[in-house]
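J.: All chains, full assembly: derive it from the sequences and hints.
So the sequences go chain by chain: U and Z.
Residue 46 in our numbering sits at position 46 of the first sequence, and the numbers go up by one each step.
Start counting at 1 in the second sequence, then tack on 307, and there's your number in our numbering.
Heads up, some of the hints might be wrong.
As the list claims (entries may be wrong) - Pulled from the structure, derived: some chain Z residues nowhere near chain U, Cβ distances all over 12 Å: (1) C312; (2) D347; (3) E399; (4) P419; (5) I421; (6) V425; (7) A461.
Stated by the list, open to error - Subject to a maximum C-alpha distance of 20 Å in a straight line, what follows is the list of computed EDC-like cross-link-like pairs (lysine to aspartate or glutamate): (8) K212/U x E590/Z; (9) K415/Z x D269/U; (10) K180/U x E516/Z; (11) K438/Z x E283/U; (12) K487/Z x E209/U; (13) K552/Z x E209/U; (14) K519/Z x D258/U; (15) K212/U x E583/Z; (16) K438/Z x E276/U; (17) K180/U x E515/Z; (18) K519/Z x D290/U; (19) K91/U x D59/U; (20) K471/Z x D447/Z; (21) K519/Z x E175/U; (22) K552/Z x D272/U; (23) K212/U x D451/Z; (24) K245/U x D577/Z; (25) K245/U x D576/Z.
Rather than coming from a laboratory, the hints here were simulated on the basis of the structure.
Beta carbons are placed, not taken as given, at the ideal position from N, Cα and C, and that holds for glycine.
Letter by letter, the chains look like this.
Number of protein chains: 2
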Amino acid sequence: MSDTCFDRICIVGIGLIGSSLARAIADRGIANTIVIADSDASNLARAKILSLGDQYHEDVRLAVKDCDLVILCVPVGIMGVVAAEMKSELKEGAIITDVGSVKESVLKALLPHIPDTVHLVPGHPVAGTEKSGPDAGLKDLFVDRWAILTPPEATDQTAIQKLKDFWQALGSKVELMDAKHHDLVLAITSHVPHLIAYNIVGTASDLEEVTKSEVIKYSAGGFRDFTRIAASDPTMWRDVFLGNKEAVLEMLGRFSEDLTALQRAIRWDDADGLFELFSRTREIRSRIIDAGQDSDRVDFGRPHGED
Amino acid sequence: MSDTCFDRICIVGIGLIGSSLARAIADRGIANTIVIADSDASNLARAKILSLGDQYHEDVRLAVKDCDLVILCVPVGIMGVVAAEMKSELKEGAIITDVGSVKESVLKALLPHIPDTVHLVPGHPVAGTEKSGPDAGLKDLFVDRWAILTPPEATDQTAIQKLKDFWQALGSKVELMDAKHHDLVLAITSHVPHLIAYNIVGTASDLEEVTKSEVIKYSAGGFRDFTRIAASDPTMWRDVFLGNKEAVLEMLGRFSEDLTALQRAIRWDDADGLFELFSRTREIRSRIIDAGQDSDRVDFGRPHGED
Numbered sequence: 001m002s003d004t005c006f007d008r009i010c011i012v013g014i015g016l017i018g019s020s021l022a023r024a025i026a027d028r029g030i031a032n033t034i035v036i037a038d039s040d041a042s043n044l045a046r047a048k049i050l051s052l053g054d055q056y057h058e059d060v061r062l063a064v065k066d067c068d069l070v071i072l073c074v075p076v077g078i079m080g081v082v083a084a085e086m087k088s089e090l091k092e093g094a095i096i097t098d099v100g101s102v103k104e105s106v107l108k109a110l111l112p113h114i115p116d117t118v119h120l121v122p123g124h125p126v127a128g129t130e131k132s133g134p135d136a137g138l139k140d141l142f143v144d145r146w147a148i149l150t151p152p153e154a155t156d157q158t159a160i161q162k163l164k165d166f167w168q169a170l171g172s173k174v175e176l177m178d179a180k181h182h183d184l185v186l187a188i189t190s191h192v193p194h195l196i197a198y199n200i201v202g203t204a205s206d207l208e209e210v211t212k213s214e215v216i217k218y219s220a221g222g223f224r225d226f227t228r229i230a231a232s233d234p235t236m237w238r239d240v241f242l243g244n245k246e247a248v249l250e251m252l253g254r255f256s257e258d259l260t261a262l263q264r265a266i267r268w269d270d271a272d273g274l275f276e277l278f279s280r281t282r283e284i285r286s287r288i289i290d291a292g293q294d295s296d297r298v299d300f301g302r303p304h305g306e307d
Numbered sequence: 308m309s310d311t312c313f314d315r316i317c318i319v320g321i322g323l324i325g326s327s328l329a330r331a332i333a334d335r336g337i338a339n340t341i342v343i344a345d346s347d348a349s350n351l352a353r354a355k356i357l358s359l360g361d362q363y364h365e366d367v368r369l370a371v372k373d374c375d376l377v378i379l380c381v382p383v384g385i386m387g388v389v390a391a392e393m394k395s396e397l398k399e400g401a402i403i404t405d406v407g408s409v410k411e412s413v414l415k416a417l418l419p420h421i422p423d424t425v426h427l428v429p430g431h432p433v434a435g436t437e438k439s440g441p442d443a444g445l446k447d448l449f450v451d452r453w454a455i456l457t458p459p460e461a462t463d464q465t466a467i468q469k470l471k472d473f474w475q476a477l478g479s480k481v482e483l484m485d486a487k488h489h490d491l492v493l494a495i496t497s498h499v500p501h502l503i504a505y506n507i508v509g510t511a512s513d514l515e516e517v518t519k520s521e522v523i524k525y526s527a528g529g530f531r532d533f534t535r536i537a538a539s540d541p542t543m544w545r546d547v548f549l550g551n552k553e554a555v556l557e558m559l560g561r562f563s564e565d566l567t568a569l570q571r572a573i574r575w576d577d578a579d580g581l582f583e584l585f586s587r588t589r590e591i592r593s594r595i596i597d598a599g600q601d602s603d604r605v606d607f608g609r610p611h612g613e614d
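T.: Structural data, given as structure tokens:
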């Protein structure tokens, strides 16, 4: 067991992120015991079949007992409820963290239920796929991705450092950030992109002049790219939008304003304006690839024969 | 040489689609001679280095001479200019087609320059990547993708059949469609998706509260998916939007209307409404995968270690 290890880690919620964590922790030997909690009996049974942990509990109170690190991997809308349930059973000195995509509202939901004897260090690994559930987890999901920690002021520095070490042991890079700033950054890099993906898939499905089977047949023209993130977990995303309302509405306002300008440029044949924007956006992709945040394979590496 | 072959095929414009065609035709032995035309000398030189054809001409008039099939692979905004240039040199009985993403305006641009002695059968392979230029071509780009033909009424049936056979020989499925309907279908499956991808990348780049390096670092939250198509060729896409103005503005209007409703649902905490939409959009992705129009690999098959 290395310095970055915990004796007992409890993962609460064994969906895509929870089960990726369980796999990643086991793979890297970061805990002596992995305890898995999920109030959904079928998820828990599936986790057991997949041998994702060492102990399994439907009751979160039994699960968190004696654990040194508790990671909440439930939808952000029920973080508070889960924290209220488990609070009396938390071990003194334990670190409590979460993986929620929203940080200000989660902090507000958790804080009233966190005893003074434990350390709350909220977090968010910026990683995922469009799949859900215990089977969807990937042991290398966090490698080269960023984990953002948003500890409130006066959080114990040792606890922060231990959680930093934990994410780094899973292959992540770690950044500390204010919760409010996190929510603004993620609104534009994650939440609004999901919203417009959901939206265009909805628009396309509802058309009368174009059949659904035409939408599907000709989706390789660009539409299919959006359907991937629009296939993400509905509960998780409902909670994200309601939990980060202010920043999402602000960024959505900017997006719509820009889209209106673009619409006007098309209507008035502003060829130069269109060309200028379309040239400018090209650069961002190459910077993302250079930063190791996407693969450089053409078309995301989709199969195109042997070329 | 099989029944579906042409003796001489001329490809005008050796970018992503032109060079994919050259590779696909050579690979499947569909022409005795491939003639490549490009008014850009450096593109043409690159095509020669890559051995994409048998003959190379900067002057399209020399290129199309004696060709049985001429495929225009230039941006839709200059189709008319190119057709005007080459018209006097077209072989009697030749088939002229194109690969433009817009069909009504291209038909209008081409028609005045098409002699009665040749057959015009406009087309559009719904396939591509975010890359441009002669190096970007892939010999299997058209496999399992749809090629849409939009021949005007009274087009010679034999010519249509020959072009159908041609695309099928490249691995494509073929559909015949009215040009106006094509433009409406592609507006929602391709043009508006590109527009909103360009738009959100633009919005994200222009923010003051969120730095560009933050946008790049946390792009794995969803944003990076949009940057791929926002890296597509600026000239091509400028011409598409200006060439399919009516349908794009119509579909964009629907998209914005739906987005406003979604914005309102977030503002008023309409949890059920959000959940309902996010559940409904999931189904489309699985139908696209079932139809063979996208890979079923998680996260488009992006690398996630060995899982």
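J.: Are the hints correct? Go through all of them and say.
T.: Against the structure, the hints come out as follows:
1. C312: 21 Å, holds
2. D347: Its Cβ never comes within 12 Å of chain U, the nearest being 17 Å, so this holds.
3. E399: 34 Å, holds
4. P419: 21 Å, holds
5. I421: Given a closest Cβ separation of 26 Å, the condition holds.
6. V425: 28 Å, holds
7. A461: 25 Å, holds
8. K212/U x E590/Z: Holds: K212/U and E590/Z sit about 11 Å apart, inside 20 Å.
9. K415/Z x D269/U: 18 Å, holds
10. K180/U x E516/Z: 11 Å, holds
11. K438/Z x E283/U: Measuring from Cα to Cα gives roughly 13 Å; hence the hint holds.
12. K487/Z x E209/U: With Cα atoms ~11 Å apart, K487/Z and E209/U stay inside 20 Å; holds.
13. K552/Z x E209/U: The hint holds at about 17 Å.
14. K519/Z x D258/U: 17 Å, holds
15. K212/U x E583/Z: Holds, at about 18 Å.
16. K438/Z x E276/U: 18 Å, holds
17. K180/U x E515/Z: Measuring from Cα to Cα gives roughly 15 Å; hence the hint holds.
18. K519/Z x D290/U: Within the cut-off at roughly 14 Å; holds.
19. K91/U x D59/U: 16 Å, holds
20. K471/Z x D447/Z: 17 Å, holds
21. K519/Z x E175/U: 16 Å, holds
22. K552/Z x D272/U: 16 Å, holds
23. K212/U x D451/Z: 19 Å, holds
24. K245/U x D577/Z: 12 Å, holds
25. K245/U x D576/Z: 9 Å, holds
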